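J.: Build out the structure end to end from the sequences listed, making use of the hints.
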Amino acid sequence: MRAVVAQGTGGPEVLSVAEVPDPQAGPGEVVVRVAAAGLNRADLLQRMGFYPPPPGASDVIGMECSGTVAEVGEGVTQWAVGDEVCCLLAGGGYAELVAVPAGQVMPVPDGVDLVTAAALPEVAATVWSNVFMVAGLRPDETFLVHGGAGGIGTFAIQLAHALGARVATTGGTAEKLEFCRSLGADVTIDYREQDFVEVLREATDGHGADVILDNMGAKYLARNVDALATEGRLVVIGMQGGTKAELDLGALLKKRGAVVATSLRARPVEGKSAICAGVVEHVWPLVAEQKVRPIVHQVLALDDVAAAHELMGSGAHTGKILLTP
1 MRAVVAQGTG GPEVLSVAEV PDPQAGPGEV VVRVAAAGLN RADLLQRMGF
51 YPPPPGASDV IGMECSGTVA EVGEGVTQWA VGDEVCCLLA GGGYAELVAV
101 PAGQVMPVPD GVDLVTAAAL PEVAATVWSN VFMVAGLRPD ETFLVHGGAG
151 GIGTFAIQLA HALGARVATT GGTAEKLEFC RSLGADVTID YREQDFVEVL
201 REATDGHGAD VILDNMGAKY LARNVDALAT EGRLVVIGMQ GGTKAELDLG
251 ALLKKRGAVV ATSLRARPVE GKSAICAGVV EHVWPLVAEQ KVRPIVHQVL
301 ALDDVAAAHE LMGSGAHTGK ILLTP
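The numbering of the sequence shown is UniProt numbering, which starts it at 1 and goes up by one.
Hints may contain errors.
[Said to hold, decoys possible] Dumping the calculated SDA-like pairs for lysine to any residue here, alpha-carbon to alpha-carbon at most 25 angstroms: (1) Lys219 / Leu252; (2) Lys291 / Gly164; (3) Lys219 / Ala174; (4) Lys291 / Tyr51; (5) Lys291 / Lys219; (6) Lys254 / Leu311; (7) Lys254 / Ser273; (8) Lys244 / Arg256; (9) Lys255 / Arg267; (10) Lys255 / Gly315; (11) Lys291 / Pro107; (12) Lys244 / Gly278; (13) Lys219 / Arg265; (14) Lys219 / Arg192; (15) Lys219 / Gly164; (16) Lys219 / Tyr51; (17) Lys219 / Leu311; (18) Lys219 / Val299; (19) Lys255 / His207; (20) Lys244 / Lys291; (21) Lys254 / Gly217.
Keep in mind the hints are simulated off the structure, nothing from the lab. Just so we're clear, the structure is a prediction, and the values are computed from it rather than from any experiment.
T.: Set out below in structure tokens:
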């Protein structure tokens, strides 16, 4: 099969397409013929050598895809050859074929075409598991997501809005913030010009955010705690702003707040399968009803993988970038 390979680590130029052996379906797995693969920030980190795949995972980059089941492994009864699916992966998505644990395979939601479905697995699993399973966001609570115009942000805004929360988000341009408002954001904050803590306090009459989903890490830690409401929950899912910062436990204690850091890729198959089951049960119906929709910025060919990584690294995109074999 054709797949993206990396000649060492570095910039997008290390990526190219080559012939590699086809994957085989092991017990409890299916092989999917890929229709499209979604890009994620973690893909760029892997390319640069900062985020290696978990033990046993494919060295090929790519943490989500859509496609058609091509082979079914021993013990798999819920999927059949020809089924149209989308998948949460530990790796291997930038290819024509990928082997996937059966529990991480999900049906394509009603009303979504097969290529566009590649934009859903990673963002849906990340938002559902962190904002709802971990942080327990409830209707009428205030939710802040940083980077609202990105893949995770656009999905988080829509899902939180659809489930009855008040949504605030940060962004870097007027155009991106306007797009976030069109998705359901009630409060938009230009992080280049405004202090998100002050804007959030003013918008909520001093209440703050009940749940914050943060991809910045160290850079925002103190301000995120400051922005929390009493009994607020901060979930850190990224470290774009560094890994080490000072935490004022007194401020956190005063608010009876919680700080949780999570990752999805390295979880056991059982854990990821449970998350995927929750997504299918709770999120896919909202997608089918068009209350939540995948946002695709651009679809590029697999041979244009370097350009796709350059686009993601530039931050100029809104929503997801996809690759088609």
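J.: Indicate, hint by hint, whether the structure satisfies it.
T.: Against the structure, the hints:
1. Lys219 / Leu252: Holds, at roughly 17 angstroms.
2. Lys291 / Gly164: With a Cα-Cα distance of about 12 angstroms, the restraint between Lys291 and Gly164 holds, given a limit of 25 angstroms.
3. Lys219 / Ala174: 23 angstroms, holds
4. Lys291 / Tyr51: It is violated: about 34 angstroms lies between the C-alpha atoms, which goes past 25 angstroms.
5. Lys291 / Lys219: 33 angstroms, violated
6. Lys254 / Leu311: 42 angstroms, violated
7. Lys254 / Ser273: 37 angstroms, violated
8. Lys244 / Arg256: 22 angstroms, holds
9. Lys255 / Arg267: Violated - the C-alpha atoms of Arg267 and Lys255 are around 30 angstroms apart, more than 25 angstroms.
10. Lys255 / Gly315: 34 angstroms, violated
11. Lys291 / Pro107: Measuring from Cα to Cα gives roughly 18 angstroms; hence the hint holds.
12. Lys244 / Gly278: Distance ~32 angstroms between Lys244 and Gly278 Cα, so the pair is violated.
13. Lys219 / Arg265: 23 angstroms, holds
14. Lys219 / Arg192: 14 angstroms, holds
15. Lys219 / Gly164: 29 angstroms, violated
16. Lys219 / Tyr51: 20 angstroms, holds
17. Lys219 / Leu311: The hint holds at about 24 angstroms.
18. Lys219 / Val299: Violated: Lys219 and Val299 sit about 32 angstroms apart, past 25 angstroms.
19. Lys255 / His207: This hinted pair holds, its Cα atoms lying about 11 angstroms apart.
20. Lys244 / Lys291: Cα-Cα ~38 angstroms, so violated.
21. Lys254 / Gly217: Given that 25 angstroms is the threshold and the Cα spacing comes to 21 angstroms, the pair holds.
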